[in-house]
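Work the whole structure out from these sequences, hints included.
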Amino acid sequence: AALRHPPLARRPPLAMASAPGTPMSNCQRAKERDPNMPKRPISAYFLYAMENREATAKELGDAATAGTIARLTASRWAEESEATKRRLQAQFEENKKKYTVAIDKYNHSDARSEFLA
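Take the sequence shown: its position 103, counting from 1, is numbered 103 in my numbering, and each next residue is one higher.
Since the hints were derived computationally from the structure, they do not count as laboratory data.
Accuracy of the hints is not assured; some may be wrong.
[As the list claims (entries may be wrong)] Taking lysine-lysine pairs in the DSS-like style, the calculated list, with each CA pair at most 25 angstroms apart, reads: (1) LYS97 - LYS85; (2) LYS97 - LYS58; (3) LYS31 - LYS96; (4) LYS31 - LYS105; (5) LYS96 - LYS39; (6) LYS58 - LYS105; (7) LYS85 - LYS96; (8) LYS85 - LYS98.
[To be verified] DEER-style ranges, computed between Cβ atoms: (9) ARG40 - GLU114: 20 to 26 angstroms; (10) ASP110 - THR65: 44 to 50 angstroms; (11) ASN95 - PHE115: 19 to 25 angstroms; (12) GLU59 - GLN89: 22 to 28 angstroms; (13) ALA70 - GLU114: 36 to 42 angstroms; (14) SER113 - ASP62: 48 to 54 angstroms; (15) ARG40 - LEU116: 27 to 33 angstroms; (16) LYS85 - ARG40: 16 to 22 angstroms; (17) GLY61 - LYS39: 31 to 37 angstroms; (18) ARG29 - GLU80: 26 to 32 angstroms; (19) ALA64 - ARG40: 25 to 31 angstroms.
This structure is a prediction, so every number in the text was calculated from the model and none was measured.
Glycine residues also receive a C-beta, built at the ideal position from the N, C-alpha and C atoms.
Right under this line is the structure:
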């Protein structure tokens with residue numbers, strides 16, 4: 001008979017590594033995020049994925065899982081026309097400019113100073 005080893009002990013995810021208020025050993029804490037901080041702009045690929053997620057899920061029907069939708073979206077993105085990619089990239093660039101202005105304003109605001117204090 002083959003020797004069977006006991007399964008390796010699985011470590012809990014970082015978020016649940018220890019109870020609140022107890023020190024975490026060998027784990028990193030997730031950085032607390034300021035809710036007032038502007039969010040980064042969505043990339044051209046993710047804009048494409050958001051536009052097509054519903055249609056892709058409908059097309060896959062019962063077989064639609066997050067993984068199958070992501071794989072199909074990625075393969076379609078690779079075959080997508082340059083015009084569509086340029087349109088989405090331009091939209092990303094516009095959102096990036098707005099983000100740059102917003103983050104600069106945030107970095108010089110009292111809200112950031114209060115969060116860091």
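Discussion item. For the hint 48 to 54 angstroms, verify it against the beta carbon of SER113 and that of ASP62.
Written reply: Holds - the Cβ-Cβ distance for SER113 and ASP62, about 52 angstroms, lies within 48 to 54 angstroms.
Worksheet item: Given a hinted range of 19 to 25 angstroms, is it respected by the beta-carbon distance of ASN95 and PHE115?
Response: holds (23 angstroms)
Practice prompt. For the pair supplied as a hint, LYS96 and LYS39, confirm whether the alpha-carbon distance does not exceed 25 angstroms.
Written response: Holds. LYS96 to LYS39 sits at ~10 angstroms (cutoff 25 angstroms).
Practice prompt. Note whether the CB distance of LYS85 and ARG40 lies within 16 to 22 angstroms or breaks it.
Written response: holds (20 angstroms)
Practice prompt. Please work out if LYS85 and LYS98 have their alpha carbons no farther apart than 25 angstroms.
Written response: OK: LYS85 and LYS98 at ~20 angstroms, within 25 angstroms.
Discussion item. Quick check on a hinted range of 25 to 31 angstroms for ALA64 and ARG40, using CB atoms only.
Written reply: holds (28 angstroms)
Practice prompt. Take a quick look at whether LYS31 and LYS105 sit within 25 angstroms of each other, Cα to Cα.
Written response: holds (22 angstroms)
Worksheet item: Taken at face value, is the distance from the CA of LYS96 to the CA of LYS31 at most 25 angstroms?
Response: Holds. LYS31 to LYS96 sits at ~23 angstroms (cutoff 25 angstroms).
Practice prompt. State, for the Cβ atoms of ALA70 and GLU114, whether the hinted interval 36 to 42 angstroms holds or is violated.
Written response: holds (39 angstroms)
Item to complete: Using the Cβ atoms, figure out if ARG40 sits within 27 to 33 angstroms of LEU116.
Response: Because 19 angstroms falls outside the window, the suggested range is violated.
Item to complete: With a cut-off of 25 angstroms on the C-alpha distance, tell me whether LYS58 and LYS105 pass.
Response: violated (41 angstroms)
Item to complete: Look at the Cβ atoms of GLY61 and LYS39 and judge whether their distance stays inside 31 to 37 angstroms.
Response: holds (33 angstroms)
Hint compliance for this structure: hints 2, 6, 15 and 18 are not met, and every other hint is.
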